[in-house]
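S.K.: Spelled out, the chains give:
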Amino acid sequence: MIRVEGLHKSFGEQHVLRGIDVDFYEGQCNLIIGLSGSGKTVFLKSILGLHFVDQGSISFDGRILGEMGKKEMKSLRQEMGMVFQGSALFNSLSIEENVRLPLDFFSDMTLEEKAERVRFCLERVRIEVDSFGKTPAELSGGMQKRVAIARAIVLNPKYLFCDEPNSGLDPETAIVIDQLIHEITHEFGMTTIINTHDMNSVLEIGDHVVLMEQGKKAWEGRMDEVLNSDDTSVVDYVFRSNLFKKLRSALRES
Amino acid sequence: MIYRFLEGLGQYFLFLGEVFHKPEHWKEYGKSFFREIELLGFSSIGLVAFISVFMGAVLTIQTAINLSDPFVPDSYIAIAVREGIILEFAPTIVSLILAGKVGSNIASTLGTMRVTEQMDALRVMGINPASYLVLPKIFACLVFNPILITFSMALGLVGGYYAGDFLGLVNTEVYLTGYFDDFDPFYVVYSLTKTFVFAFIIATVSSFFGYNVQGGAVEVGKASTKSVVTMSFSIILFNYILTNLLLQ
Numbered sequence: 001m002i003r004v005e006g007l008h009k010s011f012g013e014q015h016v017l018r019g020i021d022v023d024f025y026e027g028q029c030n031l032i033i034g035l036s037g038s039g040k041t042v043f044l045k046s047i048l049g050l051h052f053v054d055q056g057s058i059s060f061d062g063r064i065l066g067e068m069g070k071k072e073m074k075s076l077r078q079e080m081g082m083v084f085q086g087s088a089l090f091n092s093l094s095i096e097e098n099v100r101l102p103l104d105f106f107s108d109m110t111l112e113e114k115a116e117r118v119r120f121c122l123e124r125v126r127i128e129v130d131s132f133g134k135t136p137a138e139l140s141g142g143m144q145k146r147v148a149i150a151r152a153i154v155l156n157p158k159y160l161f162c163d164e165p166n167s168g169l170d171p172e173t174a175i176v177i178d179q180l181i182h183e184i185t186h187e188f189g190m191t192t193i194i195n196t197h198d199m200n201s202v203l204e205i206g207d208h209v210v211l212m213e214q215g216k217k218a219w220e221g222r223m224d225e226v227l228n229s230d231d232t233s234v235v236d237y238v239f240r241s242n243l244f245k246k247l248r249s250a251l252r253e254s
Numbered sequence: 001m002i003y004r005f006l007e008g009l010g011q012y013f014l015f016l017g018e019v020f021h022k023p024e025h026w027k028e029y030g031k032s033f034f035r036e037i038e039l040l041g042f043s044s045i046g047l048v049a050f051i052s053v054f055m056g057a058v059l060t061i062q063t064a065i066n067l068s069d070p071f072v073p074d075s076y077i078a079i080a081v082r083e084g085i086i087l088e089f090a091p092t093i094v095s096l097i098l099a100g101k102v103g104s105n106i107a108s109t110l111g112t113m114r115v116t117e118q119m120d121a122l123r124v125m126g127i128n129p130a131s132y133l134v135l136p137k138i139f140a141c142l143v144f145n146p147i148l149i150t151f152s153m154a155l156g157l158v159g160g161y162y163a164g165d166f167l168g169l170v171n172t173e174v175y176l177t178g179y180f181d182d183f184d185p186f187y188v189v190y191s192l193t194k195t196f197v198f199a200f201i202i203a204t205v206s207s208f209f210g211y212n213v214q215g216g217a218v219e220v221g222k223a224s225t226k227s228v229v230t231m232s233f234s235i236i237l238f239n240y241i242l243t244n245l246l247l248q
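Residue numbers (my numbering), protein chains in the order written: chain A, 1 to 254; chain B, 1 to 248.
In isolation and in its complexed conformation, chain A is listed as follows (with noise of 0.2 Å):
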């Protein structure tokens, strides 16, 4: 489990976090959504540590980041897993050099332990072989969001976290992503954080929802209770669109 407690993060004068409590728990898909600005990539960078916070504490199942010592944060950081808006794919390496690069840096596996691992890793995430040699350039959007999904759990994290795992995909690739990473922080009980936009992600994966609100907590729930909440920041942010206030009231009046 990931416990923030009390977290603010300021740039400057501008006040991005603003206090917020929040537990995400392990073996589901905790998703984060909220408007553009409304602090959820500066959140999701401050619990990985990409960002020192001014105030509050990040613990991960006890272990509080920021006071552990070099060792204890580097075996953390090997114990997370992270898949980037824009895949953050190495275009100088292969396929199959991105996913082992973990495994290079933290691993004591053989040449051939390490290869059986990444293939298992790519052909979990539907990449068939003959795709391995190729760059990430040659990759469509879709199969690139992939090959960091498989490099992510490479090291097989306690932790996944993704920023916009959907963003810029067509809606049918953007459905099969999600129930990957659905599947996969399942099967392996991973503690999973997506910063998403897509009210389809909330609906279909959302096993923890947070909504967050100039850079505060505003509500919290499951994805059933997304709909039927009458929490004027969630009927707000989710209920703007028209075809989301029409589903809103199809299913008050079934």
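For the record, the hints were derived by calculation from the structure and aren't laboratory data.
Quantities reported herein were computed from a predicted structural model and do not represent experimental measurements.
Heads up, none of these hints are tricks.
Taking lysine to aspartate or glutamate and the DMTMM-like style, the derived pairs with C-alpha atoms no more than 25 Å apart in a straight line are:
{"#": "1", "chain 1": "B", "residue 1": "LYS101", "chain 2": "B", "residue 2": "GLU219"}
{"#": "2", "chain 1": "A", "residue 1": "LYS158", "chain 2": "B", "residue 2": "GLU117"}
{"#": "3", "chain 1": "A", "residue 1": "LYS114", "chain 2": "B", "residue 2": "ASP120"}
{"#": "4", "chain 1": "A", "residue 1": "LYS246", "chain 2": "A", "residue 2": "GLU204"}
{"#": "5", "chain 1": "B", "residue 1": "LYS22", "chain 2": "A", "residue 2": "ASP104"}
{"#": "6", "chain 1": "B", "residue 1": "LYS31", "chain 2": "A", "residue 2": "ASP104"}
{"#": "7", "chain 1": "A", "residue 1": "LYS70", "chain 2": "A", "residue 2": "ASP104"}
{"#": "8", "chain 1": "A", "residue 1": "LYS70", "chain 2": "A", "residue 2": "ASP54"}
Dock chain B against chain A, hints included.
M.R.: Chain B alone, transformed into the frame defined by chain A:
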């Protein structure tokens, strides 16, 4: 302006501190080093060869025309060409050209990696991006640039010889003896010392600008241009300082 310069200089040294942080996985750095040698070194051979041969030829033609006096032996032309190539053209001019080619490549590559979050990806994995991405580039430049410059010296002299012969400007036998007359091997040491310093400037300054890009594609382009301008200024400035220190 002075404040901004000092602030930038401070950031540059802090960056170097991060880069020279002790690597924990030498094997991976080794692999990366050989990739950089190929990317930054071997890919420049053609350009350096072409420029060196023709610059040697031009130097010979210009010197021969300016020293066309029956009382000045052709060996003097060769000495002038030799000194010009070894002391200045190969180390300084070729380094300036490499600053444009290699430096802009480094700055734009690192800048792109920054804006596409590849550096964040490394950091999340627990890998120090400054050290992993920049250190192999510095070593590749430090190892390969002196080789390129030595190659440039040799080809410049060859180009000069053949131009003189082809255009009938010099007596080739006398000219060739001039290449070895009063040769001071320290000039090569001086030249390679400069090359070493310039290689460090090219690798670190371009990496500094690329590594610290913030924004998008436009900022990557700006960083690449800024890095080439800063490298050119630095190379010219250090050329003056090193010449003063080593030759006086």
